[in-house]
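S.K.: Sequence lines, in order, name chains A and B. Residue 67 in the numbering used here sits at position 67 of the first sequence, and the numbers go up by one each step. Residue 1035 in the numbering used here sits at position 35 of the second sequence, and the numbers go up by one each step.
Quick caveat, the hints were computed from the structure, so don't treat them as lab data. In this text, a Cβ means the ideal position worked out from N, Cα and C, and glycines have one as well. Heads up, some of the hints might be wrong.
[As the list claims (entries may be wrong)] Derived, one-sided and incomplete: chain A residues facing chain B with beta-carbon distance under 10 Å:
hint : residue
1    : Val60
2    : Leu106
3    : Ala110
[Said to hold, decoys possible] Under the rule of at most 25 Å between Cα atoms (straight-line distance), these lysine-lysine pairs were calculated in the DSS-like manner:
hint : chain 1 : residue 1 : chain 2 : residue 2
4    : B       : Lys1067   : B       : Lys1036
5    : B       : Lys1056   : B       : Lys1098
6    : B       : Lys1056   : B       : Lys1068
7    : B       : Lys1098   : B       : Lys1070
8    : B       : Lys1056   : B       : Lys1036
9    : B       : Lys1036   : A       : Lys9
10   : A       : Lys57     : B       : Lys1098
11   : A       : Lys57     : A       : Lys70
12   : B       : Lys1098   : A       : Lys71
13   : B       : Lys1036   : B       : Lys1070
14   : A       : Lys71     : A       : Lys57
15   : A       : Lys70     : B       : Lys1098
One letter stands for each residue in the lines below.
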Amino acid sequence: NAGVTQTPKFRVLKTGQSMTLLCAQDMNHEYMYWYRQDPGMGLRLIHYSVGEGTTAKGEVPDGYNVSRLKKQNFLLGLESAAPSQTSVYFCASRPYGQGIAGANVLTFGAGSRLTVL
Amino acid sequence: GEDVEQSLFLSVREGDSSVINCTYTDSSSTYLYWYKQEPGAGLQLLTYIFSNMDMKQDQRLTVLLNKKDKHLSLRIADTQTGDSAIYFCAESIGGYNKLIFGAGTRLAVHP
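Start from the sequences, fold in the hints, and give me the full structure.
M.R.: Here's what the structure looks like:
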């Protein structure tokens, strides 16, 4: 049971380049999320999806686009990378409904470290 | 606004208790969470508490919630080297399980 898998794990980009981070989950979860983690700051929500074909903006969506064409996959795209997007990116998912004893619990991937020069 | 604050670093001796503190701002939070992040890994749920509870105990973990002061703490009894990690406090607000995370407390356990 792989859970949440992110690819690639590491990537170095030059300013202005584009790339896509892939998140795949095999738990049949409806909700998927992309967060970024920066030193001294908590995780910040970039975009999320409540089901196949739907996406919504989180706290820091600028400079990113997402797509959820298949239920198991959630893609995060950077069209023109900037140094400010150097970060560790985490994907997470959860099932619809109340989960464990009413608490909604996220399952996280291992992260993708992106450096933009 | 929404904000979760926690100290960034804690160092304890192996076998002692660790207490990690957190303050949050949204009084409408229904659940508060503690997540653990080990080096090179994603976050894993450690424990959570419903907002109408004052305390929750789970083996070596004790969570205390003071709603009046919006203060949450995580106590780890008999801290072991395997407990060395970053611990994130988070509150859930609104719909779609929007979680607001603190910056994380790095726990270092030394012999």
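S.K.: Evaluate each hint against the coordinates.
M.R.: To see whether the hints hold, each was checked on the structure:
Residue-level restraint check for valine 60 (chain A) is violated (minimum Cβ-Cβ distance to chain B is 13 Å; threshold 10 Å). A hinted interface residue such as leucine 106 (chain A) counts as satisfied when its beta carbon comes closer than 10 Å to some beta carbon of chain B; here the least separation is about 7 Å, so the hint holds. Because the beta carbon of alanine 110 (chain A) sits about 5 Å from the nearest beta carbon in chain B, less than 10 Å, this interface hint is met. Taken as a hint, the lysine 1067 (chain B) and lysine 1036 (chain B) pair is honoured in the structure, with Cα atoms around 23 Å apart against an allowance of 25 Å.
Simply put, lysine 1056 (chain B) and lysine 1098 (chain B) have alpha-carbon atoms about 22 Å apart, close enough for the 25 Å limit, and the pair holds. Pair hint lysine 1056 (chain B) plus lysine 1068 (chain B) holds up; C-alpha atoms about 17 Å apart against a cutoff of 25 Å. Among the hinted pairs, lysine 1098 (chain B) with lysine 1070 (chain B) is consistent with the structure: their alpha-carbon atoms are about 18 Å apart, no more than 25 Å. For the proposed pair lysine 1056 (chain B) and lysine 1036 (chain B), the alpha carbon gap of about 17 Å is at most 25 Å, so the pair holds.
This hinted pair checks out: lysine 1036 (chain B) and lysine 9 (chain A) have alpha carbons roughly 20 Å apart, not beyond 25 Å. Between lysine 57 (chain A) and lysine 1098 (chain B) the alpha-carbon distance is near 11 Å, which keeps this suggested pair within the 25 Å criterion. Our distance criterion of 25 Å between C-alpha atoms is met by lysine 57 (chain A) and lysine 70 (chain A), whose separation comes to about 18 Å. Our distance criterion of 25 Å between C-alpha atoms is met by lysine 1098 (chain B) and lysine 71 (chain A), whose separation comes to about 20 Å.
A distance of roughly 21 Å separates the Cα atoms of lysine 1036 (chain B) and lysine 1070 (chain B); the hinted pair therefore holds under the 25 Å criterion. Only pairs whose Cα atoms come within 25 Å are accepted, and lysine 71 (chain A) paired with lysine 57 (chain A) is accepted, the gap being roughly 18 Å. A threshold of 25 Å between alpha carbons decides the hint, and for lysine 70 (chain A) with lysine 1098 (chain B) the separation of about 22 Å falls inside it, so the pair holds.
In this structure, the one hint that does not hold is number 1.
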